[in-house]
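Chemist: Given the coordinates of chain A, assemble chains B and C onto it according to the supplied hints.
In order, the protein sequence lines correspond to chains A, B and C.
Read in order, the letters of the first sequence are residues 0 to 242 in numbering that gives the first Met the number 0.
Read in order, the letters of the second sequence are residues 0 to 198 in numbering that gives the first Met the number 0.
Read in order, the letters of the third sequence are residues 0 to 221 in numbering that gives the first Met the number 0.
Honestly, the hints are just simulated from the structure, not real lab data.
Treat each hint with caution, since some may be false.
Pairwise CB distance ranges (calculated) [as the list claims (entries may be wrong)]:
# : chain 1 : residue 1 : chain 2 : residue 2 : range
1 : A       : Asn-222   : C       : Thr-30    : 25 to 35 Å
2 : A       : Arg-239   : B       : Ser-18    : 16 to 26 Å
3 : B       : Gly-165   : C       : Pro-88    : 28 to 38 Å
4 : C       : Leu-15    : B       : Arg-142   : 27 to 37 Å
5 : A       : Met-28    : B       : Gly-115   : 16 to 26 Å
6 : C       : Asp-122   : A       : Gln-236   : 51 to 61 Å
7 : A       : Arg-228   : B       : Gly-115   : 19 to 29 Å
8 : B       : Asn-36    : A       : Leu-12    : 35 to 45 Å
9 : A       : Arg-228   : B       : Gln-107   : 25 to 35 Å
Some, not all, of what chain B presents toward chain C, calculated at C-beta under 7 Å [as the list claims (entries may be wrong)]:
#  : residue
10 : Leu-50
11 : Pro-53
12 : Phe-94
A virtual CB, placed ideally from N, CA and C, is assigned to each residue, including glycine.
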Amino acid sequence: MTLIDLANPTRFLSLTARVLPWLAGATTMLLLVGLYQSAMAPDDYQQGATVKIMFVHVPNAWLSMFVWGVMSLAALGTLVWRHPLADVAAKAAAPIGAAFTFLALVTGSLWGRPMWGTYWEWDARLTSVLILFLMYLGLIALWRAVEDPSRAARAAAILTLVGAINLPIIKFSVDWWNTLHQPASVLRMGGPSLDRAFLIPLLVMAIGFSLLFVTLHLAAMRNEILRRRVRSLQMMQASRQAA
Amino acid sequence: MRLSGRHVSCIRGGREVFSGLDFEADSGQALAVVGPNGSGKTSLLRLVAGLLAPAGGSIGLDGGAAELTLPEQAHYLGHRDALKPALSVAENLSFWRDFGGGIEDIGQCLAAVRLGHATHLPAAYLSAGQRRRLSIARLLAVRRPVWLLDEPTSALDAAGQDLFAGVMRDHLEDGGIILAATHTPLGIATRELRMGGAA
Amino acid sequence: MTALAALIRRDIRIALRVGGGALIGVLFFLTVTVLMPFAIGPDLALLTRLGPAILWLGALLASLLTLDRLFMADHEDGSLDLIVMGRTPLELACAAKALAHWLAAGLPLVVATPVLGLLLNLDAAATSAVALTLLAGTPALTFTGMIGAALAVTLHRGGLLLAVLVLPLSIPVLIFGVAASQAAITGPLAFGTPFSILCALSLASLVIGPFAAAASLRHGLD
Chain A
0 MTLIDLANPT RFLSLTARVL PWLAGATTML LLVGLYQSAM APDDYQQGAT VKIMFVHVPN
60 AWLSMFVWGV MSLAALGTLV WRHPLADVAA KAAAPIGAAF TFLALVTGSL WGRPMWGTYW
120 EWDARLTSVL ILFLMYLGLI ALWRAVEDPS RAARAAAILT LVGAINLPII KFSVDWWNTL
180 HQPASVLRMG GPSLDRAFLI PLLVMAIGFS LLFVTLHLAA MRNEILRRRV RSLQMMQASR
240 QAA
Chain B
0 MRLSGRHVSC IRGGREVFSG LDFEADSGQA LAVVGPNGSG KTSLLRLVAG LLAPAGGSIG
60 LDGGAAELTL PEQAHYLGHR DALKPALSVA ENLSFWRDFG GGIEDIGQCL AAVRLGHATH
120 LPAAYLSAGQ RRRLSIARLL AVRRPVWLLD EPTSALDAAG QDLFAGVMRD HLEDGGIILA
180 ATHTPLGIAT RELRMGGAA
Chain C
0 MTALAALIRR DIRIALRVGG GALIGVLFFL TVTVLMPFAI GPDLALLTRL GPAILWLGAL
60 LASLLTLDRL FMADHEDGSL DLIVMGRTPL ELACAAKALA HWLAAGLPLV VATPVLGLLL
120 NLDAAATSAV ALTLLAGTPA LTFTGMIGAA LAVTLHRGGL LLAVLVLPLS IPVLIFGVAA
180 SQAAITGPLA FGTPFSILCA LSLASLVIGP FAAAASLRHG LD
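Just chain A, with the same shape it has in the complex:
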């Protein structure tokens, strides 16, 4: 079993067909355990029960960045190694990444509501995630704008890599912009010193969500491969002359 074997879409399909049920099962188990542990976790002395949003928010926020990393690797695969599955992986990851980012934003603003008294605060972290969300949407728009996937792939790969280089710069600028305008009155979410009672459910949830991503990503890649097969079959049918 090497990377070369995986490069063959047919082999990829048959392999993932065997792996996916197990992955889905493991994901469900971990998320159930994580949710149970989160529900059992004590309330925070300051934030009360709202702290439990953290168990959903933090994994989503972590995945929102992780998925971009996966897409950057896939973009390298497209541009440098011309791996046949790389642009499939990149295309399939974008909507999932956008969904995780969206959930991070929603849970973040729900968490912020009791803290700030408003659903949205131009907090440095939330703002950075919002920009990340916009970049995901732009990438999806790019994929959708071009009908031929192999042509869209290179453009999307370049944009993904530029985004990967730009993200730290954006993060830094937003932090600077935010501190310039806002004295440190905003609640720092999470914080470095986390009690064990919180840490373990958070880790379980983080692993559960990561597995969820892998499951969804493999399933989406299968869909994309099948969609491309349908497309080439249709093109073959179009070029067939009627008898």
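Modeler: What follows is chains B and C alone, placed relative to chain A:
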């Protein structure tokens, strides 16, 4: 029915393309507009289609529907095929049928141009010749007495040209009029309207 | 009527299919709105005050951006010739195209407004006021913008020329749209006064737009 032009002249971009042109075609007749590049074949068709205004002279259709203008009784098949790649073959054709007020069956029209196998496929997947045949299906989906055809057989292979000749013959037998700009024989009996040079 | 319904159905389908631009307008709206606080600063009180103006400017630019292709795509593939020749009056065909464009690209802007209102710290009343004014005002933007789109297609120029042509025409809409939103939020003017004028502008543009666009298409084709 008679399509006729009297002393038609055309000026485009400050340049006189042609002037004093007379032509006429009766029901059941095809007029092939021939001449070198730049002699104004396309301009003439677009004048008849009402897409350009003549600089002088008049063009008219006698014996057609009195309440309709000439362009409203004509089909124009230009260089550009008026197809949307994002829509399926059937969607493209049924749009032009509904927009033109036609009642013909889409499946039959597509079968007539041998595109029956591609009905549900996106038009983006069609080859140049297939796109041209889909444009020809548009002529069948809505009935119009006057057909204005600009290089209709370009991109068509021999079989496609035969097929189109049959379509045009049927149209002429129904009493239609064809005005076609062309470099190649159309495969039907035509009179020639020579443009440019000695005209 | 079937001809117009077919035209509307086709344009909406194309806008929603792969390669269509319906949702890019909303994305642009979102991006422009998110940019504003970076220029103004994250002061929520200030953003609340400027919110309606920001949303209106964003919607104006977004609907302008998508208008570029209104006639251009049909011109490039020859569809426009056939539409001009057709038995449907060109004015009605233009109106149908603009209506389809508004449904596919204008209405989503109105739907997106509540989310953006949240970002600008607008309360529910203010957000619904802005959404209502956008609902009443964006048809005016589409139908006046259509004139510019028709001129641009006959001149074979798009993009910035369209913006320069259309933006001055949309100033009245902007004035009364923002005025009505502000009236609903802070007063002292009654909401009804500017809102009625906004509706009147929209209704007038529904009439003027198709005629002007059809006239420029008829005379400008070659």
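Chemist: Determine for every hint whether it applies to the structure shown.
Modeler: Hint check:
Evaluation of the 25 to 35 Å hint for Asn-222/A and Thr-30/C yields a pass: the beta carbon distance comes to about 28 Å. Between Arg-239/A and Ser-18/B, the C-beta spacing of about 50 Å breaks the proposed range 16 to 26 Å. Between Gly-165/B and Pro-88/C the CB atoms are about 35 Å apart, so this pair conforms to the stated range of 28 to 38 Å. For Leu-15/C paired with Arg-142/B, a C-beta distance near 32 Å keeps the hint of 27 to 37 Å intact.
Checked against the hint of 16 to 26 Å, the pair Met-28/A and Gly-115/B fails, with Cβ atoms roughly 52 Å apart. Look at Asp-122/C against Gln-236/A: about 56 Å separates their beta carbons, and that is inside 51 to 61 Å. The hint said 19 to 29 Å for the Cβ distance between Arg-228/A and Gly-115/B, and at roughly 24 Å that hint holds. Separated by about 53 Å at the C-beta atoms, Asn-36/B and Leu-12/A break the suggested range of 35 to 45 Å.
For the hinted restraint 25 to 35 Å between Arg-228/A and Gln-107/B, the CB-CB distance of approximately 31 Å keeps it satisfied. Because the beta carbon of Leu-50/B sits about 5 Å from the nearest beta carbon in chain C, less than 7 Å, this interface hint is met. Interface restraint check for Pro-53/B: the shortest CB-CB distance to chain C comes to about 13 Å, outside 7 Å, so the restraint is violated. Annotation: Phe-94/B was flagged as interfacial toward chain C, and the flag holds, the nearest CB pair being 5 Å apart, inside 7 Å.
Going through the hint list in order, the structure does not satisfy hints 2, 5, 8, 11.
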